[in-house]
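Engineer: Sequences listed follow chains A and B, in order. Its first residue numbered 1, the first sequence is counted upward by one per residue in this note's numbering. Its first residue numbered 1, the second sequence is counted upward by one per residue in this note's numbering.
These aren't lab readings, by the way, just hints derived from the structure by calculation. Be a bit skeptical, because a hint or two may be false.
Restraint-style ranges between C-beta atoms, simulated for each label pair [claimed, not checked]:
#1 A:Ser171 x B:Pro336: 30 to 38 Å
#2 A:Glu327 x B:Arg135: 58 to 66 Å
#3 A:Glu160 x B:Val307: 28 to 36 Å
Owing to the predicted nature of the structure, the values given are computational and were not obtained by experimental measurement. Note that beta-carbon positions come from the ideal geometry of N, C-alpha and C, so glycine has one too.
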Amino acid sequence: MADDAAAPSASDASTAPVLAVTDLVVTLRARGRTATILDGVSISVDPGETVALVGESGAGKTVLALAVMGLLPGGMGIDAGSVRVGGDELVDAPDEVVRSKRGGEMAMIFQDPQSSLHPAFRVGAQVAEAIRAHDTHASKAAAAARAVELLRRVGIPQAETRARDYPHQLSGGMRQRVMIAMAMANGPRLLIADEATTALDVTVQAQVLDVLRAAQAATGAAMLVVTHDLGVVASIADRVVVMYSGRIAEAGTVDAVLGAPAHPYTQGLLAAVPRLTSGDAPVQAIAGQPPSPFARPSGCAFHPRCASADDRCSTEVPALLARSGAEARAVACHHVDAPR
Amino acid sequence: MSVEPVSTAATPLVAVEGLVKHFPVQGDAYGRGDRDQVVHAVDGVSFSIAPGETLALVGESGCGKSTVARLALRLLDPTAGTIRFDGTDISRLKPRDLRVLRRRAQIVFQDPFSSFDPRRRVGDSVAEPLVAQGRKREVATRVPELLDLVGLEAGAATRYPHEFSGGQRQRLAIARALSVQPDIVVLDEPVSALDVSIQAQVLTLLADLRARFGLAYLFISHDLAVVRTVADRVAVMHLGHIVETGPTAAVFADPVHPYTRALLSAVPDPDPRVERTRERIVLAGEPPSPIDPPSGCRFRTRCALAVDACAAEDPVLTDRGGGHLVACPVALAASPARPAPTPPPAPTAS
Chain A
1 MADDAAAPSA SDASTAPVLA VTDLVVTLRA RGRTATILDG VSISVDPGET VALVGESGAG
61 KTVLALAVMG LLPGGMGIDA GSVRVGGDEL VDAPDEVVRS KRGGEMAMIF QDPQSSLHPA
121 FRVGAQVAEA IRAHDTHASK AAAAARAVEL LRRVGIPQAE TRARDYPHQL SGGMRQRVMI
181 AMAMANGPRL LIADEATTAL DVTVQAQVLD VLRAAQAATG AAMLVVTHDL GVVASIADRV
241 VVMYSGRIAE AGTVDAVLGA PAHPYTQGLL AAVPRLTSGD APVQAIAGQP PSPFARPSGC
301 AFHPRCASAD DRCSTEVPAL LARSGAEARA VACHHVDAPR
Chain B
1 MSVEPVSTAA TPLVAVEGLV KHFPVQGDAY GRGDRDQVVH AVDGVSFSIA PGETLALVGE
61 SGCGKSTVAR LALRLLDPTA GTIRFDGTDI SRLKPRDLRV LRRRAQIVFQ DPFSSFDPRR
121 RVGDSVAEPL VAQGRKREVA TRVPELLDLV GLEAGAATRY PHEFSGGQRQ RLAIARALSV
181 QPDIVVLDEP VSALDVSIQA QVLTLLADLR ARFGLAYLFI SHDLAVVRTV ADRVAVMHLG
241 HIVETGPTAA VFADPVHPYT RALLSAVPDP DPRVERTRER IVLAGEPPSP IDPPSGCRFR
301 TRCALAVDAC AAEDPVLTDR GGGHLVACPV ALAASPARPA PTPPPAPTAS
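Only chain B is shown next, with the shape it has when bound in the complex (with noise of 0.2 Å):
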C-alpha cells in the first residue's frame, strides 16, 4: 500500500522554493490605518510535487494555504520566491508567456455556485480553456466526452448552472479544467462546500480520473481526514509557514509538531468508542495576527512545549526520516525518529 518516495522523480512538477507574498494592509473604509503594514500571508513556503503525485496543504483559515495555491498557478504574482514548473522558472515570467502553463495547470474552486456564469450554457463553459488554447475544433467532440468522463450526461451540455446540484456543479468544474489535459489539478477545498455522501461521491471520482490520467494535484484543505484519504505527501500550514511535512501515513499516524498534534486531536471522530477515548489537545487563545506574527516560531504564544530560544529562532523544516520534516526542535530533541520502513531514498546527484 505504500507509495513510492516521489522524491526519488527526476524532475519535480511543481518546484516552489521560498515563496513569500505579502499583501498591502489597506486600511478602513476612509483610508485610514497603517500603509505601511503587510500581512505575512505567506512567508518563505517550500514543496514540490512529482508528476503523477498528490500534495495536500492543509491549515486553518487564514495560514495561507489558499495564497500558496494562487501563487503556484501564477494567479497571483510572489513577492519573493521562485516557482518552477516542469523545471522552467514561472515566477517572473509575464501573462502572456504563461499560457503553456495554463494548459498544463488547472484550478477547481471550493464554490461551485459562483465558478459558472449564470446565464451561459455549461457546455460553453465547461469548453472556455479549450477555446482559450485556440482548439475551438475540438469542442464539439470533447465536451461530450468531458461529461461522460465526470459522470454527466451529455445532454446536460445545453442546461444552465442553475438546474445542477452543488455535486453536480463541481463536476463540471473538473470536467473543464480537464478539458485541456493537464498534468496537474490545483484543487481548493474542493469538497468543502459539499454533503457528505456527495462529497465521498466527488473524491471517489477525483481519485479515478488521478489513476486513469497519472494527473498530479494540489489539494487545499482545511479537513485533516479528507487529506488523509486523498494526498500521498501532505503540508501542515500555519500563519504563513509549513510547520510539518511529510508522507501522509507519517504524517497523521506520528505527528511530531504540537501545532499538527493539536489539530489532529481538535477533529471529533464519528465513532463514539473512538471518540470518548481521544486524546484532546485544546489550544489555549487565540491565532496571532498575521500583520504582526510574532517573532521566532510563530505558533509559540499557544505552544506548550515553548522555551525561550522558540522566541528568537525561526525553526527550520528538519528531516526526521522518510522525508518526514518537521519544524519544531523543541518537539524533534523529544521525539527521536522511528526506523523507517522503507530506506530513505538515495540523493540524486545533480
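Chain A with its partners taken away, still in its complex shape (with noise of 0.2 Å):
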C-alpha cells in the first residue's frame, strides 16, 4: 500500500493544486460567427503559489480568469475542458456550487473598484455583507467589526471612520484596498486579480503590490495574477503563463521566462518594453498585430509576426513541451529544440 506513489491520499491535499484547469476550450458564438477564444489551456496553481497570467489584448487571459469563477460573459462558453478548485470540478457543476465557491473558496479582484463596488452603501457595510454572504451565522454588529478589522489590514488608516465612507470618497488606491479586503472576506483558498494594478499611479500600485503580498503570506492563499505588465510579473509571480491567441506560448519559473525567454514571443514582448535599466538600447517592435481569435493564423498563431517561422510553423500547431534547463518550463514553438 505505502509504494502506492499514484493513488491520490487525504496528506496530498495541503499540496494539491488549489486550481487545475485543464485542456480548457472556450468559444464565443456572436452573430452566427464562431471563435474559439481558449484553445486547449491548462494551467495550475498550488497553495501560497502567485503565478502570472500575461499577454496583449485579447491572448484570453482575462476569459480564462472569467471561466475560472463562473463568470464567463453571454456568448461564450466552455466547450471541453476541467476546471477543479480545491479539487470540485466546475464545469457543468450546478450554479449553487460555483456560486457558493464564489466569494468564499474563490474570489476575484476587478480592475476598475470604481464599478466593482456599489456606489451607494458604505464600503464597511459593502465588505460586510461579502462576509454574511458565506458565513450566515455571522450576526450584523459581528460581520461590522470583522469588516473594519480586514480594512484595517490591507492598509486603510482609520479603518473604523473609513468603514463609512461611500466609494467615491475613497481614492483609486484606497478603493482597491476595499476590494482587496472584501475578495480575503472568507478566507479564499484561491485569490484571482485580474490587472489588479493597471488603473492605479505607479507609486499607488507599489503599495497595493505589497498590500496583495502580505495577503497572501497571511493566508497561504493561491493566487492568480493576470496583468500585461512584465514588471509587475517580475515583482510578484512565482511562475509566469505566456499567452498568445488563446494558447499558451511559453510557461515556467518567472526567472526562467522572464530572465532567458525561449520562445520568439516572449523574447519579443520582453524586447518591447520600455526599461529604467537596460542601458540604451531602444525598444524594438514587433511587426503586425495581435490576431482577432475569428481570424487566428494556422499553424502557430504567431507565424505571421515571427521572424524564425518557416512553412511548418503556418500548418502544424506546436505543442506545449516541457523543455529540461536549469530552470522548469514549457515552450509551444517548432524552432526550440527539445529537450535541450
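Make one complex out of these two single chains by using the hints.
Structural biologist: Take a look at the structure:
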C-alpha cells in the first residue's frame, strides 16, 4: 500500500493544486460566427504560490480568469476541458456549487474598483455583506467589526471612520484596498487579481502590490495574477504563463521565462518593453498585431509576426512541451529544441 | 550618444514662464459647495523646448501635466504666466490670431478611439487640419503621402475608424497631426492605451518621424520607462509644480528630488534579477489635495527628508550643474553635484 505513490491520499490535500485547469476550450458565438477564445489551455496554481498570466489584449487571459470564476459573459461557453478548484470540478457543475465557491473559496479582484463597488453603500457595509453572504451565522454587528478589521489589515488608515465612507470618497488606491479586503473576507484559498493595479499610479501600485503580497502571506492562498505588465510579473509572481491568441506560448518560473525567454513571442515582448535599466538600447517592436480570434492564423498563431517562422509553423500547431534546463519551463515552438 | 545641450539654441520654439492654471471648484450636482475654492492644477511652471527637441513632462494623475500641454497650445487659457511660441507671446492672443500656432503646433491624444469621428472616412479626418488652414487643394496628394509616412496603405483613406486597431488609429492621429507640417507635436500619453508590442511600434515611428522632419515633441506621460526612451530632457511634475528637470540621462541616472526617487523606485522591472535587488522607496499615505495643497513644498507631507523649513518656503528649482535643476534644498545639500561629463553651456548674453 505504501508503495502506491500514484494513488492520491488525504495527506496530499495540502500540496495538491488549489486551481487546476486542464485543456480548457472556450468558444464565443456572436452573430452566427464562432471563435475559439481559449484553445486547450492548462494551468495549475499551488497553495501559497503566485502564478501570473500575461499577454496582450485578446490573448484570452481575462477569459480564463472569468471561466474559473464561472463568470463568462453571454455568448461564451466552455466547450471542453476541466476547471477544478480545491479538487471540485466546476465545469458543468450546478450553479449553486459554483456560487458557494465564488466569494468563499475563490475570490476575484477586478481592474476597476469604481465599477465593482456599489456607489450607494458604505464600503464597510459592502465588506460586511460579503462576509455574511458566506457566513450566515455571523451577526450584523460581528460582520461589521470583522469588516473594519479587514480594512485595517489592507492598510486603510482610521479604518473605523473610513468604513463609513462611500466609494466615491476614497481614492483609486484605497478603493482597490477595499476590493482586496472584500476578496479576503472569507479566507479564500484562491485569489484572482485581474489587472488589479493597471489603473493605479505607479507609487500606488507599489503599495497595492505590497498589500496583495501581505494578504497572501497571511493566508497562504494561491494567487492567479492577470496582467499585461511584465514588471508586475517579476515583482509578484513565482511562475508565469505567457498567452498568445488563446494558447500558451511559454510557461515556467519567472526566472526562466523572463530571465531567459525561449519562445520568440516572449523574447519579442520583453524586447518591446521600455525599461529604466536597459542601457541605451531602444525598444524593438514586434511587427504586425495580435490576430482576432475570428481569424487566427493556421499553425502557430504567432507565425505571421515571427522572424524564425518556416513552412511547418504555418501548418502545424506547436505543442506545449516541457524543456529540460536549469529552470523548469514549457514552450510551444517548433524552433526551440526539446529537450535542451 | 550625448545630445547637445539644447539651452544653447538661440530662440526656443516654446518658452513657458510662470504658468498658472486654477480651475474653480464646481460644487456638487445641486450647486452646493464652496465656490471660492480653486483646484491648483498648475502653479508656476516654466520650461522651454528648442527646435527639434523632445521634452517629456512626467508625473502621476492629477499632477497637472495634461493641463500644461493644453495651456502650451492655448487649448486652455492660462490664469497667469506667459507662453512664447518662436519668440511671440501667444498667452493672450485672440482665437482667430492663433491660426499660425495651429499650423505650427499639433496635438495627438491618448485615446485613439475617441479622437476620430466614427462616421467620417479616416482620409477626411486626416486632411482636416489642411482644410482648416485653407489648403484644400493639397488634400488629394498629401493624404496618401501621410498614410505612407505612418506605415498605412493609401487605401486606408476610404475606410472608417472602427476598421482600425488601436495602434493603427494612433498612426492615423499622427498622420493628421503631421498634415500641416508642424514644428512641434504635443503627444499626450500617446502610447498608454496600446499593448506593449504595438506601443513599441508607435514609439519607433515617432523616433523616425522626429529624425526625418526635425520635429520637436512635448511628450506627456505617466510612464517613466517610456519617457526614458524618447526624451532629450525630462521635467518631473508633482501637484502643479516641476520638482526636478534636466537631461534625461542625468535625471534617471542620478535623481535627486525625493519625489523623483520614489517615483523611479516604484517602477517594477521585468528582469527578475534586477527586480529582486531594486531599491524601493514606498511612499506612505495619500497624495494631498490640489484644492488645499500643503504650504511650502507640496511633497513634504509624504517626504522622508522633510524638515520644518519645508513648510515655510516654496522650494525653487536650483541648478546643480549641466542643466539638472532640483526644487529641494534639503536633497541638494546632501547630494553635491557630480562633475558634469560635458562643460555646462555658456550663458548666452542677450
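Engineer: What hints, given by number in increasing order, does this structure fail?
Structural biologist: Hints that this structure does not satisfy do not exist here, as all of them hold.
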